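K.L.:
The residues making up each chain are set out below.
Protein chains: 4
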Amino acid sequence: MPTVVSLNTDIGEGYGAWAIADDQALLGLVTDANVACGFHAGDPDIMRRTCETAAANGVGVGAQVGFADLRGFGRRFIQMPMPSLVNDVIFQLGALSGLAAVAGTRVRYLKPHGALYHATTRHDEYAEAVVEAVLAFASAGHGELALLCQSGTRLARRAEAEGVRVVAEGFLDRGYTADGLLVPRGEPGAEISDTVEVSRRAVRMVQEGTVRAVDGTDVSLEVASLCVHSDSPGAVEVARAVRAALEQAGVELRPLP
Amino acid sequence: MPTVVSLNTDIGEGYGAWAIADDQALLGLVTDANVACGFHAGDPDIMRRTCETAAANGVGVGAQVGFADLRGFGRRFIQMPMPSLVNDVIFQLGALSGLAAVAGTRVRYLKPHGALYHATTRHDEYAEAVVEAVLAFASAGHGELALLCQSGTRLARRAEAEGVRVVAEGFLDRGYTADGLLVPRGEPGAEISDTVEVSRRAVRMVQEGTVRAVDGTDVSLEVASLCVHSDSPGAVEVARAVRAALEQAGVELRPLP
Amino acid sequence: MPTVVSLNTDIGEGYGAWAIADDQALLGLVTDANVACGFHAGDPDIMRRTCETAAANGVGVGAQVGFADLRGFGRRFIQMPMPSLVNDVIFQLGALSGLAAVAGTRVRYLKPHGALYHATTRHDEYAEAVVEAVLAFASAGHGELALLCQSGTRLARRAEAEGVRVVAEGFLDRGYTADGLLVPRGEPGAEISDTVEVSRRAVRMVQEGTVRAVDGTDVSLEVASLCVHSDSPGAVEVARAVRAALEQAGVELRPLP
Amino acid sequence: MPTVVSLNTDIGEGYGAWAIADDQALLGLVTDANVACGFHAGDPDIMRRTCETAAANGVGVGAQVGFADLRGFGRRFIQMPMPSLVNDVIFQLGALSGLAAVAGTRVRYLKPHGALYHATTRHDEYAEAVVEAVLAFASAGHGELALLCQSGTRLARRAEAEGVRVVAEGFLDRGYTADGLLVPRGEPGAEISDTVEVSRRAVRMVQEGTVRAVDGTDVSLEVASLCVHSDSPGAVEVARAVRAALEQAGVELRPLP
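Protein chains in written order, with our numbering: chain A, 1 to 257; chain B, 1001 to 1257; chain C, 2001 to 2257; chain D, 3001 to 3257.
Bear in mind the hints are in silico, worked out from the structure with no lab data behind them. Keep in mind it's a predicted model, so treat the numbers as computed, not measured. Honestly, I wouldn't trust all of these hints.
Coverage of chain A stretches by chain B, computed from C-beta distances (three or more under 8 Å per stretch; other residues unrestricted) [claimed, not checked]:
id : region
1  : 45-59
2  : 131-144
3  : 237-246
We put the beta carbon where it would ideally sit given N, CA and C, even for glycine.
The whole structure should be built from the sequences, with the hints applied where relevant.
P.N.:
Given below as structure tokens:
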């Protein structure tokens, strides 16, 4: 059983004058920051500031890439040519890498956002395009780049087949089915908001590699990083409680390598 | 007198389905490509394709950075906070660098585009911001980055004061005043369209370091790279004629180092 | 058999400094202009200029509405909430109506563009949303608004069920199947480029209400307006030839009422 | 002395998933809503929802037009060709009018936002362009359209010279100089945050047509509508307090005609 885990959050998801989460507080609690890259949220100022705060707090930086869709916050599926998707992902990786380097840190992993994340779990070609972009960028002199995503998905399997390191992600505030998948939003048990329960699940996921599914059975779950949704109400409280519970249980919180 | 010169052009200035110049033909004639970075023109697909063609043709790649203004093609002045400008330039450098690396080449220099170029020649703070971005990006592990601009401008002076290498640019199709500045567009002699005259001026600029001003006097002019405006009518013919005239005069055309 | 027909074209599809078709020439040949509304192409300057030229030439104005996707030219499907689609269509209708009114004309019909057009022929909810927007806009004091689209599609049927007038559209440069549908692009016979054949088909569609399908059979086809694709090579020549052939055959070309 | 006044606020200034003010609460307190039109903030969904809420609350609707600059929230000056500015304003007016009509209301006035507002007070050509757009739109069948702005500015004078009705605006939370101008932000006395003082000033502005300037003198001030800045902290409390103070003083709050 691992006694080390990463705590990640989607961050830097404002745009210009708009903010959506308490980034400052969250960056004091997580170990890894999935920084938005300007396509679904984020702008150069926010990207740099987020990287600087992450660096100052010893928080690792990952690229949270999405569809080019500010209006839809990257939550709307866009059916696009795969070469364009590959190039869009490389563009976002490059832009964030430039700002991260200037901020004294570097991009260590990639996590697809919103509708792009879902597309990579449902359509092989979207999974392939994202993995192709990660490989192309990493092998062009930018150093190793991991992929942060749920274990067992099309995206994870494709990445592993291509030799890209996968960091298995667990979701703190979401219910699981007996198959280890997420309960779709809108269905009973899809969301868990009780801070105590979320904390208990976090400790169990990390120490036992297990989560209680909605049908009451226990499901094995590989988890190297736990995700706190920054735009949920109470995100800061959840992050604080989970962090405290993990530390009290003797789990070390450490940024992804 | 130098017998080596670079021939540069603004390129990759389409967007999505739109094109503005015959990029393919021009990339067969110039030695250096000022690739648009998505803010005033260009998108990830065009940026990658342009870098790949440049690499295949032995053409060097520079970042043509601009204001975020697709509608105005980067020709409208935007009064923005200087930290935002610094970050916007780094974002563009990073994005292009990512795609250039994947295309097997790298970004060697930066050239400001349109209204941003003019702003850097008129306002000290805009010149400082661009130079700050170049220095920050270069010193964060991206290798040396030169600045392509007219000699003697605020931008050139600021760059030199900060230790950034300046590549002196000469304009083939523009008239000069007795002070070595460009005749403002709209005034008599501002534009030169005759291919034969343009070619003759090109050879003289390179071999004698001199240009004939609109008042008939000869002006000294430092030139390490000659610019062909890709969106002028007849740009390809101008590039072809100038290239032939320079080669016939024994001038070597070579990409910027 | 009708002896009157409208000739429509997608127009005003540039953006800022970019153009994609010879709008000036086409507006001298067609009877109706499907003006892009800024979402997939077009900007306020182009929209106004296009309306002014249309008005000066006695050409009718329709709103060519699309997904908000300049990068993809409206050709990428976006899965969006239906209330947002309704509002996006009304926004486009309002913006074009404002500029059309100032140009001395008015918006008489709507035609969905690209991926939105295809979505309305495949998904009931997209058809419903477009019809809902047309009805809402028309009944809010903007006068009658017709829908220009292929007869028999989901969109056409929905419009008719809701009392929206449908103008049946025929495609000059596209092959038809024996069912009266378009041959999908990429398949044999999908595109017809021979100007003489296109002209002959145009006359037959209008005078006989018939088109020769790819399998050699004749298919009945209701056509009130013929579409010239403005971004095909030779669009101007096609429009000129079709116009001449129709006039010679005694068909009157007249804007939609 | 007037005993009737309008209370206006900038509203609908979110974008997609982002919000910036408590629009719902403010629309229960003001009489007139300056609705953002998608250029500096706002999108079709927000525009429609804001108009619907305004209509349901008996709140009047005005168009808050700005530079096309989501990233800068319309606060960055853009030097653009005047015909483009005219068309941009008409586009915004048309789009909002379309959505307002569907929401059962109409656009009664225009107020320039942020950097565009400042440009119209400093540069004659910007003032002329905005007035030209208002006149063109109004005279093209959209009904009378007033201009909401500070009395005595270039914009107000230009509007009056062209026969456009000006609604004189007073600022509740800003200090005034002895000339009746606003104290520039950053200088002492520029901002007033005390709710009691703001309320007292509001009553005095309306009942006596006077405001106490930063130098202690009393200045005459023509005010037909008082502005509550929606994005200030405590905007809702300010609006509530001012409304109560005015009603207690016997002033009637009424939407602009």
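K.L.:
Does each hint hold? Answer for all of them.
P.N.:
For each hint, the structure was consulted:
Beta-carbon proximity to chain B at under 8 Å applies to 3 residues in the region 45-59 of chain A; the threshold of 3 is reached and the given coverage holds. Evaluation of the coverage hint for the region 131-144 of chain A: fulfilled, as 5 residues show C-beta separations to chain B shorter than 8 Å, against a requirement of three. Proximity of the region 237-246 of chain A to chain B, defined as three or more residues with a beta carbon under 8 Å from a beta carbon of that chain, is not established by the 0 residues found.
Comparing the model with each numbered hint stated earlier shows that hint 3 is the single one that does not hold.
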